[in-house]
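Participant: Note that the protein sequences, when read in sequence, are chains H and V.
Per this note's numbering, the first sequence starts with residue 1, numbered consecutively.
Per this note's numbering, the second sequence starts with residue 1001, numbered consecutively.
Hints in this document: simulated from the structure, not taken from any laboratory.
None of the values given here were measured: they were computed from a predicted structure.
For each residue, glycine too, the CB sits at the ideal point set by N, CA and C.
Among the clues, some could well be false.
[Claimed, not checked] Reference listing, derived: stretches of chain V covered by chain H, where coverage requires no fewer than 3 residues with Cβ under 8 Å from a Cβ of chain H: (1) 1081 to 1095; (2) 1237 to 1248.
[As the list claims (entries may be wrong)] Label pairs and their in silico Cβ distance ranges: (3) H:PRO218 x V:LEU1127: 48 to 56 Å; (4) V:PRO1268 x H:ILE36: 43 to 51 Å; (5) V:ASP1177 x H:LEU217: 17 to 25 Å; (6) H:GLY42 x V:ASP1177: 55 to 63 Å; (7) V:GLY1266 x H:SER204: 49 to 57 Å; (8) V:LEU1108 x H:SER153: 45 to 53 Å; (9) H:SER204 x V:GLY1157: 29 to 37 Å; (10) H:PRO218 x V:VAL1135: 25 to 33 Å; (11) V:LEU1267 x H:ARG177: 20 to 28 Å.
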Amino acid sequence: MSGRLRRLGSLSLSLLVITLVVLAIPGARENAASFIDGAFGGRNRFNFYTTLNRSVLIVGMAMSVLVSFRAGLINIGGEGQLVLGGLCAAIVGAWLHAPPLLVMVAALVAAMLAGALWALVAGAFERFAGLPLVVGSLLLNYPAVLFASYLVSHPLRDVQSGSTQTPRLASEVRLPRFDGTLLDMGIFLVIGVIFVVILLERRSVFGYRHRLQGYSLPFARASGFPIRAVHFQTLAGSGAIAGLVGFIAVFGVNHRYIDGMLTLPLYSWTGVIAVLLAGMLSWLTPLTGFFFAALATGAVGIERAADIPREAAQIVQALIILFAAGFGARLHSRRSGDAS
Amino acid sequence: MLDAALLESLPRFITPLLLASLAGALCHRAAVFNIALEGMLLIGAFAAVAGSWASGSWLGGVALAMLAGSLTGLAYALFAIHRGGDDIVVSIGLNFLAIGLSVFLLQLVFDTRGQFDDPGIEAIPRLPLPFLEPVPVLGALLNDQSLLFWFAIVLTGSLAYLLGHHRLGLRLRASGDNPEALRTAGVSPDRLRGGALVASGVLCGLAGAQLSISNVTLFTEGMSAGRGWIAVVIVLMCNGRPSWILPTACLFGTIEALGFRIQGLGLPQQFTDALPYVVALLVLALVTARRRRAAVAH
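So here's chain H without its partners, still in its complex pose (with noise of 0.2 Å):
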């Protein structure tokens, strides 16, 4: 119980630091005006369907990370999932000439495929050299994010638009947006994936056994349970949901495959730090993601009335993740069995 009032105590104290800070700002009743606007307002309610376009990914990427934190698998290898995914989709999307609803479903299993790929050469590298998974699934994101930015600045490019990016989709192969919005059907995958994840965790043997993993390792090994066939497979998991959420963003909200545009917006970071905030609540974890999500876009219409760069959400969080620090679960220390 203390860890909750604790927990709370340091959710309220970031608070107040915050708008303390927004307040510091000349013109504070305006700006927040502006933020309520960018993230919710403008024309046709456009910003809010930005900021559920936005959410999507990132509590996408959230669930991707959620499954294997819980685990206690530290793959912060989302960014190159969700990459190799996402370029795997516009590959099949562009040059694969099938049936529509053929066309979609090969690009989501090739993302899919892709981002569980990935994830599992993190994986084979802790298993086979030793290799701290957190270590070995950070650095290949570089080798991922810097292929694919190869590959749509030279071969794969789309020459005529003069952007680095592969060729739009058709039309008809894309994921139908909601009537006079902007939000894509890519909202259900992601829900989909959410109803899953909590069943599987709850109401599985997998899940039992992945979650009592997460907590004790010596204590699963003890009980003689599968360790590394749960390994991998929540790796493969936990991969294949970046990779969808590439799928969605190249499909629903892009049409193509644009260079930085899984990168730039840090959506796979900011899904870590929706996980960490929700305690690794797999509920809460979604509603973490949508507050990044309108602090970004809020961000950006705070930008445009007032001038403030739209990296001050970016402060924002960075505050919000020190602050919640001190009461997130402890990942991966040396330090943690010390008799303190």
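Assemble the complex: chain H is given as a structure, and chain V must be docked to it using the hints.
Facilitator: Using the frame of chain H, we list chain V on its own:
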């Protein structure tokens, strides 16, 4: 390929890696998993440009970079040690803060996006060693290099001595390997860790200063460009030993310099950019695999 221009460029690539790796080593030996080196580098680079521009002197730039770095280290200690946060979480937070803050201040203070350069930014002076000039390889390599390069070399030796023989260094190591013994001796491991973090911030500030007011005299967004992560890898590979860090940092600096050179021959930039990470991954995997085999054999 190994011509004078390449040799002359090597210390520019090695110095930031060496300083950041030594910073990481201090934390590593005190059992602090500091993966905020990247953010600390970025903050140092920004502060160095701001300080040099505002004071009109390179000393001002270096001083501000050290100050900003030490404050970042202090913030790390506050959130990770005083408040008991997780190292990885705090590091991610600080890396976020560094990216956001540098871009935010770039616009707020210098009213520009992307890059700030100004003739008012003074560079760190270079140390001329005229007697080396006629020597074939060493002349190109060592003559006329940044003061920070020489500082980093001297620092490597001092840290090797500190960690191997000095009481403070031994205590620092104990705070990592056996904090209970240290506590029994009446020394607080947490204070040593806090000190290591502040020192690592100062060193990363210097590494950032080397990037922004020595290699060039400007600041660009994200100019740390992954060097902090390479430094983390160097620390892990060398297990935090300064005497191993020096050659390893030289190796990665050379890879980076060669990558830069190959790029001039027409290989896509993405491949040369990926090179240090791929090498780091493979070398690290080899090292950990060997270490594990050795542990099994014993």
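Participant: Now, for every hint given, state plainly whether the structure supports it.
Facilitator: Checked hints:
Only when three residues or more bring their CB closer than 8 Å to a CB of chain H does the claim for the stretch 1081 to 1095 of chain V stand; here the count is 11, and the claim holds. Under a criterion of three residues with beta carbons nearer than 8 Å to beta carbons of chain H, the stated coverage of the stretch 1237 to 1248 of chain V fails, only 0 such residues being counted. A hinted range of 48 to 56 Å holds for the C-beta pair PRO218 of chain H and LEU1127 of chain V, which are about 54 Å apart. Separation of PRO1268 of chain V from ILE36 of chain H is about 44 Å and conforms to the stated range, judged on CB atoms against 43 to 51 Å.
Against the hinted window of 17 to 25 Å, the Cβ-Cβ separation of ASP1177 of chain V and LEU217 of chain H comes to about 22 Å, which satisfies the hint. Our hint of 55 to 63 Å for GLY42 of chain H and ASP1177 of chain V holds, since their Cβ atoms are close to 57 Å apart. Checked against the given bound of 49 to 57 Å, the beta carbons of GLY1266 of chain V and SER204 of chain H, roughly 53 Å apart, stay inside it. Judged by the Cβ atoms, the range 45 to 53 Å given for LEU1108 of chain V and SER153 of chain H is violated: they are separated by roughly 32 Å.
Hint check: SER204 of chain H to GLY1157 of chain V, Cβ distance near 57 Å, so the stated range 29 to 37 Å is violated. The hinted window of 25 to 33 Å between PRO218 of chain H and VAL1135 of chain V is violated, with their beta carbons roughly 59 Å apart. At roughly 41 Å, the beta carbons of LEU1267 of chain V and ARG177 of chain H sit outside the given window of 20 to 28 Å.
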